[in-house]
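Peer 1: Okay, here's what each chain looks like letter by letter:
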Amino acid sequence: MLRDQSFDAPIPGMSMTAELGARPWQSPPKYSTVDDAIEYYLDRMSSEEFLDQLTDVMEMGVPVTSIANTMQLGNVMEGIHSVDVGMLVLPVLVEMMMLVGDSAGIEYDSGLSKEAPMNEKRTRNTLVAKTARKLQMQLNEQEDKEDKPMVDEPIEMEEQEEMPEEKPKGLMGRRK
Amino acid sequence: MRGFNPAIVAHLNLDLDKIIGEEKTQNKNTGLLAPRKNMMNKGQNKIDNPLYRVANHVKILRDKRNELKDA
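Note that the protein sequences, when read in sequence, are chains A and B. Quick note: the first sequence uses the numbering used here, first residue 1, plus one each step. Quick note: the second sequence uses the numbering used here, first residue 1001, plus one each step.
Extracted from the complex, chain A is given alone in its bound form (with noise of 0.2 Å):
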């Protein structure tokens, strides 16, 4: 097995077969001010998506900072900021996510404390919360399109059997 995972490693030289300047990382980053780079990631953490997919990660039990600096390192595998940048706007990512979190009343674990604080059981607890409300999510779906189509189709009357006229018996009843 260690045999087998020694050949994943990238052999020597394997950096110069491409072009200089093919990869996103050696041209020049979209954004190479600090004040640009946390702007881009204020817009982006700031929509609807994002943070609900964050707060589900935060609340699985994933440390705050890990989820920091991976987002920092593949922005800058795709040259949108350099990588001093990524190291300076790294705090402030990790501020923002923990706002994220308080703000929207979840137990996350920040990984700045040297004992990690959410255990196993505890993630499972969520999978599992987050399973059932994704159950209920797709039952709450399916009796919306049940209910739909009794509204929307058209109410068929049931057919009135016609009464037989009364004939009128009284001696000024009409004859015809």
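Hints were generated in silico from the structure; no laboratory data involved. Keep in mind it's a predicted model, so treat the numbers as computed, not measured. All C-beta atoms, glycine included, are put in the ideal place defined by N, C-alpha and C. Treat the hints with care, since some could be wrong.
To be verified - Some but not every residue of chain B turned toward chain A, in silico, with C-beta under 10 Å:
id : residue
1  : A1007
2  : H1011
3  : L1012
4  : P1035
5  : L1051
Unchecked claim - Computed cross-link-like contacts, DMTMM-like style, restricted to lysine to aspartate or glutamate with a CA-CA straight-line distance of at most 20 Å:
id : chain 1 : residue 1 : chain 2 : residue 2
6  : B       : K1064     : A       : E141
7  : A       : K134      : A       : D56
8  : A       : K130      : A       : D147
9  : B       : K1064     : A       : E107
10 : B       : K1069     : B       : D1048
11 : B       : K1064     : A       : E39
12 : B       : K1018     : B       : D1070
13 : B       : K1059     : A       : D36
14 : B       : K1064     : A       : D102
15 : B       : K1059     : A       : D35
16 : A       : K134      : A       : D36
17 : B       : K1064     : B       : D1015
18 : A       : K130      : A       : D102
19 : B       : K1059     : A       : E39
20 : B       : K1069     : A       : D102
21 : B       : K1059     : B       : D1017
22 : B       : K1059     : B       : D1015
23 : B       : K1046     : B       : D1015
24 : A       : K134      : A       : E59
25 : A       : K30       : A       : D84
26 : B       : K1059     : A       : D102
27 : B       : K1059     : B       : D1070
28 : A       : K130      : A       : E146
29 : A       : K130      : A       : E141
30 : B       : K1059     : A       : D43
31 : A       : K30       : A       : E78
32 : A       : K30       : A       : D43
33 : A       : K130      : A       : E59
34 : B       : K1064     : B       : D1048
35 : B       : K1046     : A       : D144
36 : B       : K1046     : A       : D36
37 : B       : K1046     : B       : D1070
38 : B       : K1069     : A       : E59
39 : A       : K114      : A       : D36
40 : B       : K1069     : A       : E107
We have chain A already, so just place chain B on it with the hints.
Peer 2: What follows is chain B alone, placed relative to chain A:
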């Protein structure tokens, strides 16, 4: 034991009080031959320092977080 994560180091080493600090009050010499500019800080402004700007951002976010905790 967690692997090396620069986010932890960067966050823990960001001493806001030290970086932002208080504005130093300069003792103005009123003499005619007194230097008008402080030559030590010549051409250097705090706002030009990226770390200072980052610390300001962090301070705003941290204050907001503390407000949430207190409420």
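Peer 1: Would you mind marking each hint as holding or not holding in the structure?
Peer 2: Cross-check of the supplied hints:
With a least beta-carbon distance of about 4 Å to chain A, the hint placing A1007/B at the interface is held under the 10 Å criterion. The restraint placing H1011/B at the interface with chain A holds, with a minimum CB-CB distance near 5 Å, inside the 10 Å limit. Restraint check, L1012/B versus chain A: the minimum CB separation of about 7 Å is within 10 Å; hint holds. A distance limit of 10 Å between C-beta atoms decides the matter here; for P1035/B the minimum to chain A is near 32 Å, and the interface restraint is violated.
Interface hint at L1051/B: satisfied, since its Cβ lies 7 Å from the closest Cβ of chain A, which is below the 10 Å cut-off. Distance hint between K1064/B and E141/A is unfulfilled; the C-alpha atoms sit about 37 Å from each other, more than 20 Å. Note on K134/A and D56/A: the hinted pairing holds, with a Cα-Cα distance of about 12 Å set against a maximum of 20 Å. Proximity of K130/A to D147/A is assessed by CA-CA distance (about 26 Å); at most 20 Å being required, the pair is judged violated.
Straight-line distance between C-alpha atoms of K1064/B and E107/A comes to about 18 Å, which keeps the hinted pair within the 20 Å bound. A C-alpha spacing of about 32 Å is found between K1069/B and D1048/B, which places the hinted pair above 20 Å, so the restraint is violated. For the hint linking K1064/B to E39/A, the alpha-carbon distance of about 18 Å falls within 20 Å, and the restraint holds. Proposed proximity of K1018/B and D1070/B is contradicted: the alpha carbons are some 25 Å apart, above 20 Å.
Straight-line distance between C-alpha atoms of K1059/B and D36/A comes to about 18 Å, which keeps the hinted pair within the 20 Å bound. A hinted pair counts as satisfied when its Cα atoms are at most 20 Å apart, and K1064/B with D102/A qualifies at roughly 10 Å. Restraint check for K1059/B and D35/A: satisfied, since their Cα atoms lie roughly 15 Å apart, inside the 20 Å limit. A hinted pair counts as satisfied when its Cα atoms are at most 20 Å apart, and K134/A with D36/A does not qualify at roughly 37 Å.
Among the hinted pairs, K1064/B with D1015/B is consistent with the structure: their alpha-carbon atoms are about 18 Å apart, no more than 20 Å. Proposed proximity of K130/A and D102/A is supported: the alpha carbons are some 19 Å apart, at most 20 Å. About 16 Å separates the Cα atoms of K1059/B and E39/A, which keeps this hinted pair within 20 Å; it holds. Restraint check for K1069/B and D102/A: the C-alpha separation of about 8 Å stays at or below 20 Å, so the hint holds.
Proximity of K1059/B to D1017/B is assessed by CA-CA distance (about 10 Å); at most 20 Å being required, the pair is judged to hold. Between K1059/B and D1015/B the alpha-carbon distance is near 10 Å, which keeps this suggested pair within the 20 Å criterion. In summary, the hint linking K1046/B to D1015/B is supported, as the alpha carbons are separated by about 15 Å, within the 20 Å threshold. The straight-line distance between the Cα atoms of K134/A and E59/A is roughly 15 Å, inside the 20 Å bound, and the hint therefore holds.
A hinted pair counts as satisfied when its Cα atoms are at most 20 Å apart, and K30/A with D84/A qualifies at roughly 14 Å. For the given pair, K1059/B sits about 16 Å from D102/A by alpha-carbon distance, which is consistent with the 20 Å threshold. Restraint check for K1059/B and D1070/B: the C-alpha separation of about 16 Å stays at or below 20 Å, so the hint holds. Between K130/A and E146/A the alpha-carbon distance is near 24 Å, which puts this suggested pair outside the 20 Å criterion.
Taking the CA atoms of K130/A and E141/A, the gap is about 17 Å. The hint holds against a cut of 20 Å. At most 20 Å may separate the alpha-carbon atoms for a hinted pair to count; K1059/B and D43/A meet this at roughly 19 Å. Using a Cα cut-off of 20 Å, the hinted pair K30/A and E78/A holds, with the two alpha carbons roughly 9 Å apart. Using a Cα cut-off of 20 Å, the hinted pair K30/A and D43/A holds, with the two alpha carbons roughly 15 Å apart.
For the suggested pair K130/A and E59/A, the alpha carbons sit about 9 Å apart, so the restraint of at most 20 Å is met. Our distance criterion of 20 Å between C-alpha atoms is broken by K1064/B and D1048/B, whose separation comes to about 25 Å. Only pairs whose Cα atoms come within 20 Å are accepted, and K1046/B paired with D144/A is rejected, the gap being roughly 59 Å. Using a Cα cut-off of 20 Å, the hinted pair K1046/B and D36/A holds, with the two alpha carbons roughly 18 Å apart.
For the hint linking K1046/B to D1070/B, the alpha-carbon distance of about 31 Å lies beyond 20 Å, and the restraint is violated. Pair hint K1069/B plus E59/A holds up; C-alpha atoms about 18 Å apart against a cutoff of 20 Å. Restraint check for K114/A and D36/A: not satisfied, since their Cα atoms lie roughly 32 Å apart, outside the 20 Å limit. Using a Cα cut-off of 20 Å, the hinted pair K1069/B and E107/A holds, with the two alpha carbons roughly 13 Å apart.
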